[in-house]
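Sequence lines, in order, name chains A and B. Taken in order, the first sequence gives residues 204 to 554; the numbers are from the working numbering. Taken in order, the second sequence gives residues 132 to 746; the numbers are from the working numbering.
Hint data in this document are derived by calculation from the structure and do not stem from the laboratory. For every residue, glycine included, the Cβ atom is placed at its ideal position computed from N, Cα and C. Careful: at least some of the hints might be erroneous.
[To be verified] Just the calculated beta-carbon pair ranges, DEER-fashion: (1) Asp480/B / Thr349/A: 53 to 63 Å; (2) Asp288/B / Gly384/A: 52 to 62 Å; (3) Gln185/B / Gly384/A: 33 to 43 Å.
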Amino acid sequence: MTYIAKPKFHHPGLKKNELGYTHRDYEGKISTLCAGCGHDSITASIIEACYELSIEPHRVAKISGIGCSSKTPDYFLGNSHGFNSVHGRMPSVLTGANLANRDLIYLGVSGDGDSASIGFGQFAHSIRRGVNMTYIVENNGVYGLTKGQFSATADRGSKSKKGVTNTDNAIDLVAIALQLGATFVARSFSGDKSQLVPLIAAAIGHTGASFIDVISPCIAFNNHAGSTKSFDYVREHNDAVNRLDVLVGRDPIAVDYAPGTVQVVEQHDGSKIALRKIDADYDPHDRLGAQTFLARHAAKGQIVTGLLYVDPDAEDLHSHLNTVETPLNSLEADTLCPGSAALDKFNASLR
Amino acid sequence: MSDKKPISSVNDFVVRFANVNGSGSASANEMFARAILRHGVPVSPRNIFPSNIQGLPTWYEVRVTEDGHLGARGGVDMMVAMNPQTWDKDVAGIEPGGYLFYDSTKPMPSTKFRDDITVIGVPLTAITNSTYTDPRQRQLFKNIIYLGALSALLDMDPKLIEQLIGEQYKGKEKLLSSNVHALHLGRDWALQNLKCPIGLRVKKSDKVGDRIFIEGNSAAALGAVYGGATVCAWYPITPSSSVAEAFTAHCKKFRHDPETGKAKYAIVQGEDELASIGIVIGASWNGARAFTATSGPGISLMTEFIGLSYFAEIPAVIMNIQRAGPSTGMPTRTQQCDIIACAYASHGDTKHVLLFPEDPAEAFEFAAAAFDLAERLQTTIFLMLDLDIGMNHRLCRPLKWDDAKQYDRGKVMTAEMLDEGRDFGRYLDVDGDGIPYRTYPGTHPTKGSYFTRGTSRDRYARYSEEGSVYADNMQRLVRKFETAQDLVPRPLQANAERPTKYGVIYFGSTSPAMDEAIGLLEARGHQLDRLRIRAFPFHSSVASFLAEHDFVYVVEQNRDSQLRQLIVNENGIDPVRLVPIVHYDGTPITARYIAKAIGDHQDHLKVTPLRKAVS
Chain A
204 MTYIAKPKFH HPGLKKNELG YTHRDYEGKI STLCAGCGHD SITASIIEAC
254 YELSIEPHRV AKISGIGCSS KTPDYFLGNS HGFNSVHGRM PSVLTGANLA
304 NRDLIYLGVS GDGDSASIGF GQFAHSIRRG VNMTYIVENN GVYGLTKGQF
354 SATADRGSKS KKGVTNTDNA IDLVAIALQL GATFVARSFS GDKSQLVPLI
404 AAAIGHTGAS FIDVISPCIA FNNHAGSTKS FDYVREHNDA VNRLDVLVGR
454 DPIAVDYAPG TVQVVEQHDG SKIALRKIDA DYDPHDRLGA QTFLARHAAK
504 GQIVTGLLYV DPDAEDLHSH LNTVETPLNS LEADTLCPGS AALDKFNASL
554 R
Chain B
132 MSDKKPISSV NDFVVRFANV NGSGSASANE MFARAILRHG VPVSPRNIFP
182 SNIQGLPTWY EVRVTEDGHL GARGGVDMMV AMNPQTWDKD VAGIEPGGYL
232 FYDSTKPMPS TKFRDDITVI GVPLTAITNS TYTDPRQRQL FKNIIYLGAL
282 SALLDMDPKL IEQLIGEQYK GKEKLLSSNV HALHLGRDWA LQNLKCPIGL
332 RVKKSDKVGD RIFIEGNSAA ALGAVYGGAT VCAWYPITPS SSVAEAFTAH
382 CKKFRHDPET GKAKYAIVQG EDELASIGIV IGASWNGARA FTATSGPGIS
432 LMTEFIGLSY FAEIPAVIMN IQRAGPSTGM PTRTQQCDII ACAYASHGDT
482 KHVLLFPEDP AEAFEFAAAA FDLAERLQTT IFLMLDLDIG MNHRLCRPLK
532 WDDAKQYDRG KVMTAEMLDE GRDFGRYLDV DGDGIPYRTY PGTHPTKGSY
582 FTRGTSRDRY ARYSEEGSVY ADNMQRLVRK FETAQDLVPR PLQANAERPT
632 KYGVIYFGST SPAMDEAIGL LEARGHQLDR LRIRAFPFHS SVASFLAEHD
682 FVYVVEQNRD SQLRQLIVNE NGIDPVRLVP IVHYDGTPIT ARYIAKAIGD
732 HQDHLKVTPL RKAVS
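I would like the entire structure built from these sequences, with the hints used as guidance.
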């Protein structure tokens, strides 16, 4: 609940976006997560990003799996349809929803348990298919709802709240997403709103599979000394490759971070990402370079955040399938059913 | 020399081809069946094949049946024995007085034959080797050469076969002429060297009529096209893969926008069955008609999502082409063994709608209807085919479609309805039929959105762990299932010629064998009323049928009599009154088997026909 003022009320002086919506129009129910949970900060960033993009809230479909992270779609965009599916299966449900109606915006919210273990396959395949979605993993390295077991993203050598040391290697979802062909790959930190909000906004504007891994400390079970997903650890080891703004053919959005060189990237839908580069050598259009950069910093114990890779000319699953522009869910019998005459002809071919 | 008179029969016999998987014999064998159809004589062919690509034995059986019996008969009148691996078994399976056709390039010793059959040797390898140099050509044309020889032996009209070859290789003149040449190589050799025709003959008739010859999987896939399915997600698994492949082919033909060439459908080969049903549920939740096709092992994997579909009330259509289980079972053998698994799929209290088509024509109709039912009932609908229907060509009535038909999209609340002030509660039972209204995502800026979840919630879709709220919801789901009884296809009853206290219940691919078995039983003096169940939940007429008969046989193709279990469970009937007749070796049930099993039981009961009841 870091950025959300509760209880909900409407102040007449609330600032409105281009569509006349206020922040309140992008909020949802009161979070039932632990106070201080990083996931609530991500919720707030989603709200902020959607507000800034002037998205119609009801044109978003928010889909999740099971777990603390997957509860969060109930806490934003209250006027949009949500789907809390089953553990690890968010990507397939989202893929089906996207196939049915390509006109909506799809937000997939998942957790590290959800996406890196039971749903690892679905995560991978939705990425490689290029489903037009923003896939956010709220990554705390731990199973919160079942009280503290390691997840598959927990780093080797990190300690649980009970003092147990993790001996398994960690899965780096960002590295996997890059390898699988995601056309927008980023990592951020729930406590860095100034970085996360534009990243989410840019991901929403991107046509194709956008993936954002957000380190989100679990205040109850993974925010202690020895954890590599704690607030303190991430702050100390964070190395941002870039800062960015999002421009949607309007005035630039003011953000509060250190100035640097700016690289504007035009996305498929016409929106532009302005990258403020910290590292002069970093090229977010170079997939192989991103993979190397990520691995090199991981070896140094650094958590690289920012936009790691984007393909501004990416295509999505609908392009691959060559589907009609009209959403499939609105096609009627007159265009779908070949009719009796065609059937008679078909029958005749079978004699 | 045979010590038994050779079988003599016109338009009523069984020919079985024993081949090696991968030898290219399938098209020649199917052409044999089609050629007989072109004579106006019904056929009932069946593939018997291994779970293997190349090298293992495979059989193709053609029942020639002027009387129109489309079930498997059992027994073989003529064996075309082309596989040395299975020689002994194949020879042993020939009916006394039957015929053995084999490649006599290297003649077999007489000890390898039987005295009570007629042996017909054709030097197929010698003929092919003297004509073709390419090894692959030798293999492929050997099949056409034996087809030619059979045409002479069975008195078939070669022009009809030439016509078929012409249709198959239309536009490929070289292939056409070489196949016709091979056909006549075999035919001429037989005419010159053998006594033609033999006792088994094909005579032109007019018993096929306007019926079509199609596989159930292809028909079901076409039903999905006509039923308005736009999203198909699937994962390859025998014997269901050809559903998705046929859907792809039908869509390419019927579903491309003529102006843009763009597809009015989306087909995704999922990474597994879990993803496939997940995609179906996501698409259906968002208002598209979606389906998947699978078989038993896929159902096992999908059960988690099926429970979600039931509880969260999301439409889904699953075509289950059943094969022999459990576990991997026998992937290429037929059974009706997923009845219980599908009826109660997933954990907790669930019940699902099952449809049981008897042939490709019903597979088409029921597949199309499944999408109406799924959206009307907002739940999973199972189309329960099996390998015997799905992967075999079956003669059936032409497929029919009423152009006046509109899709039943169920209870969908629109933006206009919401603006009218209609009270929207996602799980409100406003009509008393247990079916609530739903909205599609994106419908309205401020009204009608809700959160879909597999956890308990109240009538307005608000999360709730209140016991009374949960029970209220579960009771509504029971009401909905009761509503389904009158929406699904009703059972079809056929009464015996004379009043009887005995009945028989059957379903699905058992149908043609059952029809024939009734005749055999009547000849033995047994009268039975018949009820063909076409769906679960059971219509009230099932209970009436049970009440009207002292004993009812339940004929099915699984070990544990699963339909009988379901009937007992759902009707509270004394199990003793339901006599299981089961067949589960992976081959299709036959009329002979049914008639013997029921007849023996009737004899054991000392049943006599109710002659006094006849006035």
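Hint check results:
1. Asp480/B and Thr349/A have their C-beta atoms about 25 Å apart, which leaves the hinted 53 to 63 Å range violated.
2. Take Asp288/B and Gly384/A: their Cβ atoms lie about 58 Å apart, and the range 52 to 62 Å holds.
3. The supplied range of 33 to 43 Å is met by Gln185/B and Gly384/A, whose beta-carbon atoms lie about 35 Å from each other.
Checked against the numbered hints listed earlier, the structure breaks hint 1 alone; every other hint is satisfied.
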